[in-house]
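As they're listed, the protein sequences go chains A and B.
Note that my numbering has the first sequence beginning at 1, numbered continuously upward.
Note that my numbering has the second sequence beginning at 593, numbered continuously upward.
Just so you know, these hints were derived from the structure itself, not from any lab.
Do not take every clue at face value.
[As the list claims (entries may be wrong)] Derived pair list, reagent style DSSO-like, types lysine-lysine, alpha-carbon separation capped at 27 Å:
| no. | chain 1 | residue 1 | chain 2 | residue 2 |
| --- | --- | --- | --- | --- |
| 1 | A | Lys78 | A | Lys100 |
| 2 | A | Lys162 | A | Lys100 |
| 3 | A | Lys406 | B | Lys636 |
| 4 | A | Lys162 | A | Lys187 |
| 5 | A | Lys406 | B | Lys606 |
| 6 | A | Lys450 | B | Lys737 |
| 7 | A | Lys166 | A | Lys177 |
| 8 | B | Lys737 | B | Lys810 |
| 9 | A | Lys406 | B | Lys610 |
| 10 | A | Lys406 | B | Lys601 |
| 11 | A | Lys392 | A | Lys406 |
[Claimed, not checked] Here are the simulated distance ranges between beta carbons:
| no. | chain 1 | residue 1 | chain 2 | residue 2 | range |
| --- | --- | --- | --- | --- | --- |
| 12 | A | Thr447 | B | Glu836 | 47 to 55 Å |
| 13 | A | Glu437 | B | Met861 | 40 to 48 Å |
| 14 | A | Val391 | B | Gly616 | 47 to 55 Å |
| 15 | B | Leu633 | A | Gly48 | 51 to 59 Å |
| 16 | A | Gly425 | B | Met879 | 42 to 50 Å |
[As the list claims (entries may be wrong)] Derived coverage of chain A by chain B (criterion: at least 3 residues anywhere in the stretch with Cβ under 8 Å from a Cβ of chain B; other residues may be distant):
| no. | region |
| --- | --- |
| 17 | 149 to 159 |
| 18 | 215 to 221 |
| 19 | 240 to 248 |
| 20 | 431 to 439 |
Cβ coordinates follow ideal geometry from the N, Cα and C atoms, glycine included.
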Amino acid sequence: MPRSDLSIAMVGSGGDGVVTMGDMIAQAGAREGLNVIKVEAYGPQIRGGESSTTVRMAASEIYAQADYVDILVVFNWKDFARFKGEIMVAPDAIILSEAKDETEVDGADLGAGQDATWVKVPFIDLAKESAGTTLAKNIVTLGLLSELFNLPRKPLKRAIEKKFSKKKAAVLEANIKGFSAGVEFAKGLGDRFNDRRLEYEPGEPRLLMSGNEAAAVGAIHAGCRFFAGYPITPSSEVLHFLSEWLPRAGGSVVQTEDELAAIGAVIGGSFAGVKSMTATSGPGLALMTEMLGLASMAEIPAVIFDVQRGGPSTGLPTKSEQSDLWQALYGSHGDAPRVVLAPADVEDCFHTTVDAFNIAEEYQIPVVVLSDQNIAQRRETLSMLTLDHEVKERLAPTPEQLDGYKRYEITPNGVSPISWPGIEGGQYQTNGLEHDEYGRPTSMFLTHEKMNEKRYRKLRPIRDEYHFIRRYGPDDADVGILCWGSSKGPVKEAVLKANARGIKVAAFVPQVLYPFPKHEFEEFLKAIKEFIVIELSFSAQFYKYLRTFLELPEGHTHIFKRSGGKNLTVAEVEEQIAAVLPRAMTKREVLV
Amino acid sequence: MSAPDVTFKPGDFKTDLKPVWCPGCGDFGVLNALYRAMANLGLKPWNTVILSGIGCSSRLPGYVATYGFNSVHGRALALATGVKVARPDLAVIAVGGDGDGMAIGGNHLMHSCRRNLDVAYILMDNEIYGLTKGQTAPTTPLGDKTKSSYWGNPEPAVDPVELAISTGATFVARGFAGDLKSLTGIIQRGIEHRGFSFINVMSPCVTWRGDSQYQLLKEKLRQLPEDYDPTNRGSALRYTRETEVLTTGVLYEVEGPTIGDRIEHIRMMAQEGGHVPTTREILERFMPTV
Numbered sequence: 001m002p003r004s005d006l007s008i009a010m011v012g013s014g015g016d017g018v019v020t021m022g023d024m025i026a027q028a029g030a031r032e033g034l035n036v037i038k039v040e041a042y043g044p045q046i047r048g049g050e051s052s053t054t055v056r057m058a059a060s061e062i063y064a065q066a067d068y069v070d071i072l073v074v075f076n077w078k079d080f081a082r083f084k085g086e087i088m089v090a091p092d093a094i095i096l097s098e099a100k101d102e103t104e105v106d107g108a109d110l111g112a113g114q115d116a117t118w119v120k121v122p123f124i125d126l127a128k129e130s131a132g133t134t135l136a137k138n139i140v141t142l143g144l145l146s147e148l149f150n151l152p153r154k155p156l157k158r159a160i161e162k163k164f165s166k167k168k169a170a171v172l173e174a175n176i177k178g179f180s181a182g183v184e185f186a187k188g189l190g191d192r193f194n195d196r197r198l199e200y201e202p203g204e205p206r207l208l209m210s211g212n213e214a215a216a217v218g219a220i221h222a223g224c225r226f227f228a229g230y231p232i233t234p235s236s237e238v239l240h241f242l243s244e245w246l247p248r249a250g251g252s253v254v255q256t257e258d259e260l261a262a263i264g265a266v267i268g269g270s271f272a273g274v275k276s277m278t279a280t281s282g283p284g285l286a287l288m289t290e291m292l293g294l295a296s297m298a299e300i301p302a303v304i305f306d307v308q309r310g311g312p313s314t315g316l317p318t319k320s321e322q323s324d325l326w327q328a329l330y331g332s333h334g335d336a337p338r339v340v341l342a343p344a345d346v347e348d349c350f351h352t353t354v355d356a357f358n359i360a361e362e363y364q365i366p367v368v369v370l371s372d373q374n375i376a377q378r379r380e381t382l383s384m385l386t387l388d389h390e391v392k393e394r395l396a397p398t399p400e401q402l403d404g405y406k407r408y409e410i411t412p413n414g415v416s417p418i419s420w421p422g423i424e425g426g427q428y429q430t431n432g433l434e435h436d437e438y439g440r441p442t443s444m445f446l447t448h449e450k451m452n453e454k455r456y457r458k459l460r461p462i463r464d465e466y467h468f469i470r471r472y473g474p475d476d477a478d479v480g481i482l483c484w485g486s487s488k489g490p491v492k493e494a495v496l497k498a499n500a501r502g503i504k505v506a507a508f509v510p511q512v513l514y515p516f517p518k519h520e521f522e523e524f525l526k527a528i529k530e531f532i533v534i535e536l537s538f539s540a541q542f543y544k545y546l547r548t549f550l551e552l553p554e555g556h557t558h559i560f561k562r563s564g565g566k567n568l569t570v571a572e573v574e575e576q577i578a579a580v581l582p583r584a585m586t587k588r589e590v591l592v
Numbered sequence: 593m594s595a596p597d598v599t600f601k602p603g604d605f606k607t608d609l610k611p612v613w614c615p616g617c618g619d620f621g622v623l624n625a626l627y628r629a630m631a632n633l634g635l636k637p638w639n640t641v642i643l644s645g646i647g648c649s650s651r652l653p654g655y656v657a658t659y660g661f662n663s664v665h666g667r668a669l670a671l672a673t674g675v676k677v678a679r680p681d682l683a684v685i686a687v688g689g690d691g692d693g694m695a696i697g698g699n700h701l702m703h704s705c706r707r708n709l710d711v712a713y714i715l716m717d718n719e720i721y722g723l724t725k726g727q728t729a730p731t732t733p734l735g736d737k738t739k740s741s742y743w744g745n746p747e748p749a750v751d752p753v754e755l756a757i758s759t760g761a762t763f764v765a766r767g768f769a770g771d772l773k774s775l776t777g778i779i780q781r782g783i784e785h786r787g788f789s790f791i792n793v794m795s796p797c798v799t800w801r802g803d804s805q806y807q808l809l810k811e812k813l814r815q816l817p818e819d820y821d822p823t824n825r826g827s828a829l830r831y832t833r834e835t836e837v838l839t840t841g842v843l844y845e846v847e848g849p850t851i852g853d854r855i856e857h858i859r860m861m862a863q864e865g866g867h868v869p870t871t872r873e874i875l876e877r878f879m880p881t882v
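Required output: the full structure, derived from the provided sequences and hints.
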């Protein structure tokens with residue numbers, strides 16, 4: 001039976017064109033209106049070294065990269081060995097590897113079963129014979145994959161034409177020949193792979209973007225006109241995109257000397273009345289922590305977009321983890337209210353960034369957005385239509401309020417009108433020192449207590465106004481899963497699959513981690529029998545955070561936590577569901 | 593809105609806060625010179641921003657009726673960068689002490705100079721940490737005994753002026769808090785200058801350096817020669833690392849594009865025909881091109 005959901009992984013050395021190949025396949029899929037998720041992984045080398053790209057394409061909606069790839073292309077087994085445990089194949093996978101590479105491979109190491117098909121392909125020879133250069137290996141492969149698995153042929157050819165259009169005509173011609181050689185080689189393999197051919201109805205072309213790009217577009221949409229940042233993996237694409245597009249939108253970008261300067265400049269820009277943002281990763285957020293407290297104290301809107309990677313210290317710069325949570329929630333001296341948001345997929349990076357600005361501006365509070373490498377760097381298809389979002393502005397003082405202006409006037413919701421330079425009569429002198437309603441420094445206990453109370457008071461209306469929750473599965477579920485961020489993808493996929501089989505499992509995914517949507521979550525907890533927290537943090541940061549303000553069902557709470565470095569899989573979630581389901585079922589019978 | 597011809601006297605720039613500084617502190621002189629310079633320049637308080645870090649002198653923004661921000665230790669220039677780049681229309685002044693600017697915030701000075709950020713930065717240099725009560729600063733002379741160098745300071749001092757000249761500031765001056773008239777002139781020129789103006793003001797700390805610091809400084813102070821040419825970097829550098837004397841005045845002043853000018857140029861290149869793209873137009877960039 002042909003497939004409507006197909007995953008292909010390609011592994012090689014730098015120079016093998018693996019990444020280009022992944023790009024072309026993903027672009028072709030997006031062009032045909034397919035749902036696509038593409039991830040790349042690299043070794044630590046700046047150039048060269050091993051690289052892999054995995055593309056999942058499906059006719060229906062998909063929420064995560066596949067646990068197991070259906071098709072694996074290996075140019076060099078030595079490179080593949082570096083991804084051991086990270087790229088796993090389906091038991092019946094088709095494994096296409098370079099004929100010249102005679103490395104002995106144990107199929108069990110990559111998850112291949114007895115039904116797997118191993119095909120030696122003379123990629124090098126085919127490329128040399130057809131295109132006159134081994135460089136065309138990836139193009140030969142594209143032809144081969146296209147023929148064997150029905151990958152969109154026309155857009156792939158256009159991608160090749162586009163790539164080589166600026167080179168000499170002979171180069172393009174050679175690559176077209178390479179593509180055809182791949183097609184012909186595939187034909188020679190007969191029809192034995194027909195059951196893996198991708199079947200789909202072509203639809204309207206879809207956007208193909210990464211979480212970091214979506215966040216950057218979200219920032220511009222929200223009205224951000226000043227960005228200051230310091231390069232750090234895996235957040236730099238936000239800086240890259242904004243360096244090109246923010247000037248087009250009339251804004252400015254400064255690549256600062258360090259993260260201290262970045263957050264400082266953001267606070268300065270925002271103080272000056274311009275919506276401002278920075279983007280960083282864990283080590284950078286650590287450096288910004290002091291001034292996160294400054295933004296909290298001086299009540300200056302600030303958006304800090306943190307793309308998590310494995311930690312602590314330099315950790316795993318190119319791999320995902322959910323371990324910046326405590327740092328985002330609690331990192332600061334003193335009592336420093338802030339808001340912590342977490343996008344759960346690429347599209348969400350757009351929306352959460354706009355919300356981050358809305359909350360920051362409306363409530364004059366720093367907002368940390370916790371993205372992670374998984375959603376930040378993978379490319380995913382999206383619909384143009386869903387990428388819109390209401391934009392809010394900060395509250396300026398009225399002319400009456402400017403008479404004896406109290407910048408930090410104590411109000412019922414904690415928000416005081418904020419003026420900015422250029423507003424005549426709105427001048428105020430603020431500081432990181434505790435201050436009175438006028439902004440004048442003070443060390444008085446009574447004022448400190450009153451102002452702490454004022455600053456924290458903002459959290460309640462934020463919780464009431466912004467409590468985006470994703471909820472999957474039936475209302476009366478036996479098993480309930482709580483997760484956040486990129487874990488949503490595999491969790492959602494596992495939950496929907498289980499539901500389709502009649503298993504009553506539900507998931508709750510909050511987009512605002514602080515202030516936590518406590519009431520909604522307590523409702524969720526009431527309806528379920530067994531509860532699982534899933535997170536990629538070795539010390540279970542999320543679970544322990546919940547414990548600080550929630551009673552979790554004793555004896556019925558389960559934790560699945562592990563280090564990052566490898567994305568959560570659907571199978572891991574399914575195992576957790578299977579493990580607790582009997583308990584839930586028993587309990588149900590008892591209750592009945 | 594006020595009529596455009598409204599002018600402000602130095603006293604109009606005062607807030608009702610009383611400075612926390614010790615009687616006799618050099619920073620009073622700097623504050624008074626700044627009030628005068630701002631009045632002379634006709635600055636509008638609502639279009640002016642003063643930023644600082646932490647330290648005795650960093651309390652200054654609270655005493656000026658413009659927009660003001662007393663931020664965290666060492667980051668006055670980081671904040672000033674954001675203010676000036678985001679709002680090039682504003683007059684931006686950064687102030688602070690030698691510990692704030694030369695130690696914890698030293699990195700930002702180099703990069704503000706290099707960028708030629710259009711900000712006037714007034715460094716009140718008392719060669720000591722005052723607020724934390726008398727520890728060694730990067731500007732404390734080698735061998736001096738302080739609260740944190742019981743046996744004498746084992747580190748040679750930095751000359752902030754030399755640093756500013758060599759890292760690209762386009763206006764560098766040295767002043768003395770005890771000479772209100774000259775200092776007002778220097779600060780005025782510094783604010784007027786387009787580009788990064790670095791003004792190192794010797795501002796005595798009577799509490800931790802003793803009353804004698806005034807006298808010692810006065811004895812060392814020299815004026816620049818009348819025919820001095822401030823456009824020559826080499827000449828300017830000759831007045832750095834002075835030990836026996838201390839030369840005041842505008843040591844270096846050249847014209848050059850600011851980071852603001854360069855970013856404005858980028859905006860012009862980016863905005864073909866002045867068109868600001870809509871979100872939808874930006875998203876088009878992500879449609880498949882094959």
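So, going through the hints one by one against the coordinates:
Taking the CA atoms of A:Lys78 and A:Lys100, the gap is about 13 Å. The hint holds against a cut of 27 Å. The suggested pairing of A:Lys162 with A:Lys100 is violated, with an alpha-carbon distance near 30 Å, which exceeds 27 Å. Between A:Lys406 and B:Lys636 the alpha-carbon distance is near 20 Å, which keeps this suggested pair within the 27 Å criterion. Proximity of A:Lys162 to A:Lys187 is assessed by CA-CA distance (about 26 Å); at most 27 Å being required, the pair is judged to hold.
Proposed proximity of A:Lys406 and B:Lys606 is supported: the alpha carbons are some 17 Å apart, at most 27 Å. Simply put, A:Lys450 and B:Lys737 have alpha-carbon atoms about 43 Å apart, too far for the 27 Å limit, and the pair is violated. Distance check on the hinted pair: A:Lys166 and A:Lys177 sit about 17 Å apart at the alpha-carbon level, within 27 Å; holds. Straight-line distance between C-alpha atoms of B:Lys737 and B:Lys810 comes to about 21 Å, which keeps the hinted pair within the 27 Å bound.
The hinted pair formed by A:Lys406 and B:Lys610 meets the criterion: a straight-line CA distance of about 19 Å does not exceed 27 Å. With a C-alpha separation of about 24 Å, the suggested pair A:Lys406 and B:Lys601 falls inside the 27 Å cut-off, and the hint holds. In summary, the hint linking A:Lys392 to A:Lys406 is supported, as the alpha carbons are separated by about 23 Å, within the 27 Å threshold. At roughly 50 Å, the beta-carbon separation of A:Thr447 and B:Glu836 lies within the given 47 to 55 Å, and the hint holds.
For A:Glu437 paired with B:Met861, a C-beta distance near 46 Å keeps the hint of 40 to 48 Å intact. Separated by about 53 Å at the C-beta atoms, A:Val391 and B:Gly616 satisfy the suggested range of 47 to 55 Å. About 58 Å separates the C-beta atoms of B:Leu633 and A:Gly48, a value consistent with the hinted range of 51 to 59 Å. Checked against the given bound of 42 to 50 Å, the beta carbons of A:Gly425 and B:Met879, roughly 48 Å apart, stay inside it.
Here the region 149 to 159 of chain A counts 4 residues with a CB under 8 Å from a CB of chain B, which clears the bar of 3, and the coverage holds. Counting residues of the region 215 to 221 of chain A whose C-beta sits closer than 8 Å to any C-beta of chain B gives 3, which meets the bar of three, so the coverage hint holds. Coverage of the region 240 to 248 of chain A by chain B holds in this model, with 4 residues showing a Cβ closer than 8 Å to a Cβ of that chain against a need of three. Coverage of the region 431 to 439 of chain A by chain B holds [criterion: at least 3 residues with CB-CB distance below 8 Å; count 3].
The structure fails to meet hints 2 and 6 from the earlier list, while all remaining hints are met.
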